[in-house]
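K.L.:
Each chain, letter by letter, is given below.
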Amino acid sequence: MTTVIIAVIVAFILAFVIGVLLGFFKKIFAVPVDEKAQMIRDVLPGANCGACGYPGCDGFAAACAAGEAPADGCAAGGVKTAQAVAKVLGVKVDAEDHVVVLACRGCKDNCIPRGLYNGVKNCAAAHEAVNGTKMCQWGCVGFGDCVDVCRFDALSMGDDGLPHVDTKKCTGCGMCIKACPMHLFFKVPVSRKGAVALCSNRNENKAMVLKTCKAGCIKCGKCERVCKKGAIKVTDGIPVVDYALCNSCGTCVEGCPTHVLALVENII
Amino acid sequence: MNQYLSIFLKSMLVDNVVLIQYLAICPFIGMTSDTGKATGMGIATTFVIILATAVTYPIYYGIMVPLKLEFLETLIFILVIAALVQLVEFYLKKSIPSLYSAMGVYLALITTNCAVLGTTLNCISKNYNYVQSLVYAAGTACGFLLALVIMSGVRERMKSSTPPKFLQGKPILFVTAGLLSLSFLGFSGLIK
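The listed protein sequences correspond, in order, to chains P and A. Position one of the first sequence corresponds to residue 5 (my numbering), numbered consecutively onward. Position one of the second sequence corresponds to residue 43 (my numbering), numbered consecutively onward.
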């Protein structure tokens, strides 16, 4: 019986001493934790994916609190996380959701196949082997590599041979942008208004463009001329819109002879 | 001197903690996916094993033997080791933050590592004196580090090979561990 009592007492004393020691040492070796970093860390997804370029969520939170990383730097968290982080930091972010747009209108009717392609049925292979299957070597190959990589079911192959974006499902993750060998997808913020060029043909030869695709940009420069704000510049063979100037009047869309331009608010 | 050398080599090679005593299999499998990780884990464990032995030995012979509480050794040793690892963690966090962030995760894992507890209990059951215990702990820890580094080296080589499908992943790892263990049996009889 005495052994049991002694054992209990000893265990109790030992635990007490260790507890006191630990508490004591915790005070001595206390490290001032950056409260901001901790708060930021709490609103992050905690997946430690490293997409922000910092070593895990802790690294990003520390960098964010120190002002080195932008509040909207967390790619996995999206707008919600960006706003939560911005709230902690007391700044404003204009982060918003993005969707992708396909810069090609070379459907079956507009852009005919160059020949019979019997190779591997994916865009990357067709692009590597024969520079695409259609007359236009800048256009959509049409085997749906983008559809395969989309994890949100936002892309589907239409009957016209072009992928279609379901903008309600699209999260703007950018997987299709990476997958497309022709680099035809680009991200736009959902609130964007203004004209956008839906062609990627950079051939400066007007006759060649007309021969390859009915919906190709023929570099006539009419959009540049009709725009009252001077918001459009044909750069590298494609009309590029300056959204700081564009007021979404639609003059260029009406003026474009091959209907390359469209108002982005109408297509997303 | 000779005696210490023989204890060191025996605990490191002949009675290797992982491959012969089959302790600490979890870090042996879980922490050896690359050599850097394995080395970090090995060094952290080395440090804790030696420290734990240095602390538990006086507690055992100073407190528990006079009070006839030898049967409590498992309980009290675990308590002491866990507290010790916590202390080390506090200290590192304050003094050497870079080292803390480098091995912070491993440190917490070592709290429940059976190699640490096993070493401290072995020192008692082998009736070593204090210096012998420390040498034994150092040898065991080096053996642990050695086993982890060897295994991680083998695994890095294995990454570029294609085992049959039914062996891919963990099965080939256990087969490898068994072969390593067999090869370490070759050291038996090296030291009497």
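It should be emphasised that the hints constitute simulated quantities derived from the structure, not laboratory data. Do not rely on the hints blindly, as some may be mistaken.
What the hints assert, rightly or not - Quick list of in silico lysine-lysine cross-link-like pairs, PhoX-like style, CA-CA up to 20 angstroms:
(1) P:K31 to A:K52
(2) P:K232 to P:K191
(3) P:K197 to P:K210
(4) A:K110 to A:K168
(5) P:K197 to P:K223
(6) P:K210 to P:K191
(7) P:K210 to P:K173
(8) P:K30 to A:K201
(9) P:K112 to P:K40
(10) P:K197 to P:K237
(11) A:K201 to A:K79
(12) A:K135 to P:K30
(13) A:K135 to P:K40
(14) P:K218 to P:K112
(15) A:K168 to P:K31
K.L.:
For this structure, which hints from the list above don't hold up?
P.N.:
1, 2, 3, 5, 6, 7, 8, 9 and 15
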